[in-house]
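Trainee: Numbered by the working numbering, the letters in the sequence shown go through residues 6 to 287 in order.
Worth double-checking, as some hints may not be accurate.
Pairwise CB distance ranges (calculated) [unchecked claim]:
| no. | residue 1 | residue 2 | range |
| --- | --- | --- | --- |
| 1 | Thr81 | Met34 | 23 to 31 Å |
| 2 | Arg283 | Ala230 | 53 to 61 Å |
| 3 | Met78 | Gly29 | 33 to 41 Å |
| 4 | His68 | Thr214 | 49 to 57 Å |
| 5 | Ala100 | Gly65 | 29 to 37 Å |
| 6 | Asp269 | Ser189 | 48 to 56 Å |
| 7 | Val217 | Gly103 | 28 to 36 Å |
| 8 | Met78 | Gln182 | 46 to 54 Å |
| 9 | Gly27 | Leu110 | 26 to 34 Å |
| 10 | Phe66 | Arg283 | 39 to 47 Å |
| 11 | Gln182 | Met229 | 20 to 28 Å |
| 12 | Gly84 | Gly27 | 47 to 55 Å |
| 13 | Lys183 | Leu264 | 38 to 46 Å |
Here are the simulated SDA-like pairs of lysine to any residue, each with C-alpha atoms no more than 25 Å apart in a straight line [claimed, not checked]:
| no. | residue 1 | residue 2 |
| --- | --- | --- |
| 14 | Lys64 | Gln279 |
| 15 | Lys62 | Met227 |
| 16 | Lys133 | Val164 |
| 17 | Lys256 | Ala19 |
| 18 | Lys64 | Asp276 |
Hints are computed from structural coordinates only; laboratory data are not their basis. Even glycine gets a Cβ: it sits at the ideal position worked out from N, Cα and C.
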Amino acid sequence: MMLFTGLWVLIVYAPITHWVWGGGWLGKMGLLDFAGGTVVHITAGTAALVTALVMGKRKGFPHTPMTPHNMTMSITGAGMLWVGWFGFNAGSALAANGDAGMAMLVTHMSASAAALTWMTIEWLKFGKPTALGAVTGMVAGLGTITPASGFVGPAGGLVIGIMAGICCFNATLYLKQKLHIDDSLDVFPVHGVGGALGTILAGVFAADTLGVFSGQGYAEGMTMASQVGVQVIGVLASGIYTAIATFGLLKLVDVILGLRVTEDEEIEGLDINQHNERGYDL
């Protein structure tokens, strides 16, 4: 997978980064992407979906429960992500200024709102919330606010977080229960759907004419309709290019090295037969 990762960064990530932040055509159109909704989350989510489709399901999916083996470490990792995301989003301001402060605030609000929303939906649908659902919702809120973080205000961040919890929760259920696509870490429904949602909503809540929901304002000459149009173009361009390029790279790596291990190796576990590592629960 090191070969695939290296090629993917060069062929997918680098060009889209240039399109958005390096003076490329999306940036010139006026795309709002403060910290990586298109560059990071849509590309990662789309690549994960294509990879899951090309590689196929794990043995036993979807009939065998495949819950995290250590929820303590899952929660610990989620907490690290939450704190680290402040640097990810606020740091994209490239200065210790008001934009960085606002990015940090709306990031925290969106993550909190999405976690609570995800838990509430679980409570209503299944009778009780789960710790895994809470941290998954939190990550959905973080990913969704990422492109909008430097452009929207606190109320806008709150709405984006609630919508992230609703949309990403339903996308996760639909992908696994209806389509039976084995995206083991829910990368597409959380990061892909969240990144697309946040990129589009940045074109709405960046407006300075929404009262308490107002953001930093559009560039001169832009209206909500024109800004949302640019945001949709950015979502489609990054998603379609990533899907095509990722599919080609997977097929290339499959020819050179192969993508899947044997069934016996899968049953034994990749930690053992690929990495010679054995994990122990705390």
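Trainee: Hint by hint, say whether it matches the structure.
Mentor: Structure-based check of all given hints:
1. Thr81 with Met34: 23 to 31 Å: violated (41 Å)
2. Arg283 with Ala230: 53 to 61 Å: holds (57 Å)
3. Met78 with Gly29: 33 to 41 Å: Taking Cβ atoms as reference, methionine 78 and glycine 29 lie about 39 Å apart, which means the hint holds.
4. His68 with Thr214: 49 to 57 Å: Hint holds: Cβ distance 52 Å, inside 49 to 57 Å.
5. Ala100 with Gly65: 29 to 37 Å: violated (50 Å)
6. Asp269 with Ser189: 48 to 56 Å: At roughly 20 Å between Cβ atoms, serine 189 and aspartate 269 fall outside 48 to 56 Å, so the hint is violated.
7. Val217 with Gly103: 28 to 36 Å: violated (18 Å)
8. Met78 with Gln182: 46 to 54 Å: violated (26 Å)
9. Gly27 with Leu110: 26 to 34 Å: holds (28 Å)
10. Phe66 with Arg283: 39 to 47 Å: Taking Cβ atoms as reference, phenylalanine 66 and arginine 283 lie about 23 Å apart, which means the hint is violated.
11. Gln182 with Met229: 20 to 28 Å: violated (35 Å)
12. Gly84 with Gly27: 47 to 55 Å: For glycine 84 and glycine 27 the Cβ distance comes to about 33 Å; the hint is violated.
13. Lys183 with Leu264: 38 to 46 Å: violated (25 Å)
14. Lys64 with Gln279: Holds. Lysine 64 to glutamine 279 sits at ~17 Å (cutoff 25 Å).
15. Lys62 with Met227: Not OK: lysine 62 and methionine 227 at ~45 Å, beyond 25 Å, violated.
16. Lys133 with Val164: holds (24 Å)
17. Lys256 with Ala19: holds (20 Å)
18. Lys64 with Asp276: holds (16 Å)
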